[in-house]
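K.L.:
Listed below, chain by chain, are the residues.
Protein chains: 2
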Amino acid sequence: MNTPAREPQQERSRTTRRRLIDAAVTCLGEFGWNGTTVAIIAQRAGVSRGAAQHHFRTREDLVIAAVEYLGEAQVEQLRTRAAQLPQGQARLEAVVDLLLNLYTGPMFRTALHLWIAASTDEALRPVIVPLEARVGREAHRVALELLGVDEDRPGARELVQATLDLARGLGLANLLTDDARRRTKIVHEWARVLGVSLPQRSGLSS
Amino acid sequence: MNTPAREPQQERSRTTRRRLIDAAVTCLGEFGWNGTTVAIIAQRAGVSRGAAQHHFRTREDLVIAAVEYLGEAQVEQLRTRAAQLPQGQARLEAVVDLLLNLYTGPMFRTALHLWIAASTDEALRPVIVPLEARVGREAHRVALELLGVDEDRPGARELVQATLDLARGLGLANLLTDDARRRTKIVHEWARVLGVSLPQRSGLSS
Numbered sequence: 001m002n003t004p005a006r007e008p009q010q011e012r013s014r015t016t017r018r019r020l021i022d023a024a025v026t027c028l029g030e031f032g033w034n035g036t037t038v039a040i041i042a043q044r045a046g047v048s049r050g051a052a053q054h055h056f057r058t059r060e061d062l063v064i065a066a067v068e069y070l071g072e073a074q075v076e077q078l079r080t081r082a083a084q085l086p087q088g089q090a091r092l093e094a095v096v097d098l099l100l101n102l103y104t105g106p107m108f109r110t111a112l113h114l115w116i117a118a119s120t121d122e123a124l125r126p127v128i129v130p131l132e133a134r135v136g137r138e139a140h141r142v143a144l145e146l147l148g149v150d151e152d153r154p155g156a157r158e159l160v161q162a163t164l165d166l167a168r169g170l171g172l173a174n175l176l177t178d179d180a181r182r183r184t185k186i187v188h189e190w191a192r193v194l195g196v197s198l199p200q201r202s203g204l205s206s
Numbered sequence: 001m002n003t004p005a006r007e008p009q010q011e012r013s014r015t016t017r018r019r020l021i022d023a024a025v026t027c028l029g030e031f032g033w034n035g036t037t038v039a040i041i042a043q044r045a046g047v048s049r050g051a052a053q054h055h056f057r058t059r060e061d062l063v064i065a066a067v068e069y070l071g072e073a074q075v076e077q078l079r080t081r082a083a084q085l086p087q088g089q090a091r092l093e094a095v096v097d098l099l100l101n102l103y104t105g106p107m108f109r110t111a112l113h114l115w116i117a118a119s120t121d122e123a124l125r126p127v128i129v130p131l132e133a134r135v136g137r138e139a140h141r142v143a144l145e146l147l148g149v150d151e152d153r154p155g156a157r158e159l160v161q162a163t164l165d166l167a168r169g170l171g172l173a174n175l176l177t178d179d180a181r182r183r184t185k186i187v188h189e190w191a192r193v194l195g196v197s198l199p200q201r202s203g204l205s206s
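Here the protein sequences line up with chains A and B, keeping their order.
Mapping to the UniProt record's numbering: the first sequence position 40 is 40, numbers consecutive.
Mapping to the UniProt record's numbering: the second sequence position 102 is 102, numbers consecutive.
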């Protein structure tokens, strides 16, 4: 049934879906979980409530799509930026800079709203936990790849995990004040520590 | 005017104040900033609304007192636990274990609620930012002392800061699921890294 007439409609449908997801991300960051309803998201997206509910039956469905989108966007952004990093001596610090700045944008605030809401909302929790686990695993995989680490070496897995946990802690520290100057110094020192302590597979500094 | 008759009243007043602060901490953790009003706190504390407003004129006043209390309680708890730590070889990992578990309790959830609320609430933000800076400085001071670090050595300050940022990241990771097993491995590895990378003043392992 792939007639020419269907194409534009499918595309319209994709655009609507995407606008709803974008609006959901914005609303979650602005109003939190409690303040974000399908009606408010639809209004922000410029979509009728009926059309919104055609795409996403419940608020939970929309949030699942939004979190998945955020996770994928983050990993994609990471890969794009990583492709532009220098090779050689300077690479390790550039990679660490990238990783430790992962959670300093508005996406992190949205994620925080959801985590906190899920920590007390019994309906939201089972939705968020497996999603977060998946997004977290993907971030770990990319970090491992960028740092060029052999995960079989003792301690390597934990140091990569600690790098991402540190990144989330730095994201928190950046929530209320611009923490960029302090973070830059931590990036420098963390890169030095990883250079000494992290057994590398592919010789980042070669 | 320190007559015997005044003593019990002062004590009652202190008890009421303390009950209001405890209730504020509980309510913030449970309902977040938006859901926490003076009326709800008073009810939880078993205190009349008038009495609550005698002690704390506004919700902001109560929250300042609650955050200060949380910060002091945390540092006090840290000192008490630190006093019981072993000396010698085992001390460094025990200290790291203490620090990286700082933000895994219910107090952290309360703090998170406030940080997120302050990130979008223009009235709350100027209240929370200086308070958090003060609490953060105190945590840094204690961490420095426990790790026995000479902060004048290059990189030492950043590694102690990174340890506390990592602790907050681990607190986030523990919000939705029990992350204790993974955290224990990170504690072990981080203690090893600090043992190698952190210039120590007072010879922790001596």
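No lab work stands behind these hints: they were computed from the structure.
Among the hints, erroneous ones may be present.
Treat identical chains as interchangeable: a pair holds within one or across any two.
With a Cα cut of at most 16 angstroms, we get these calculated EDC-like pairs of lysine to aspartate or glutamate [to be verified]:
#, residue 1, residue 2
1, Lys185, Glu151
2, Lys185, Glu138
3, Lys185, Asp97
4, Lys185, Glu30
Values in this document were obtained by computation on a predicted structure and should not be read as measured data.
K.L.:
So, for every hint listed, does it hold in this structure?
P.N.:
Do the hints match the structure? See the list:
1. With identical chains, the CA atoms of Lys185 and Glu151 are at most 16 angstroms apart between copies only, with a shortest distance of 14 angstroms across copies and 27 angstroms within one.
2. For a Cα distance limit of 16 angstroms, the shortest separation of Lys185 from Glu138 qualifies neither inside one copy, at 27 angstroms, nor across copies, at 20 angstroms.
3. Taking the shortest alpha-carbon separations for Lys185 and Asp97, only the intra-copy value of 10 angstroms comes in at or below 16 angstroms, while the best inter-copy value is 24 angstroms.
4. In the homo-oligomer, the alpha carbons of Lys185 and Glu30 never lie at most 16 angstroms apart, since the shortest distance is 30 angstroms inside one protomer and 36 angstroms across protomers.
This entry does not satisfy hints 2 and 4, going by the numbered hints stated previously.
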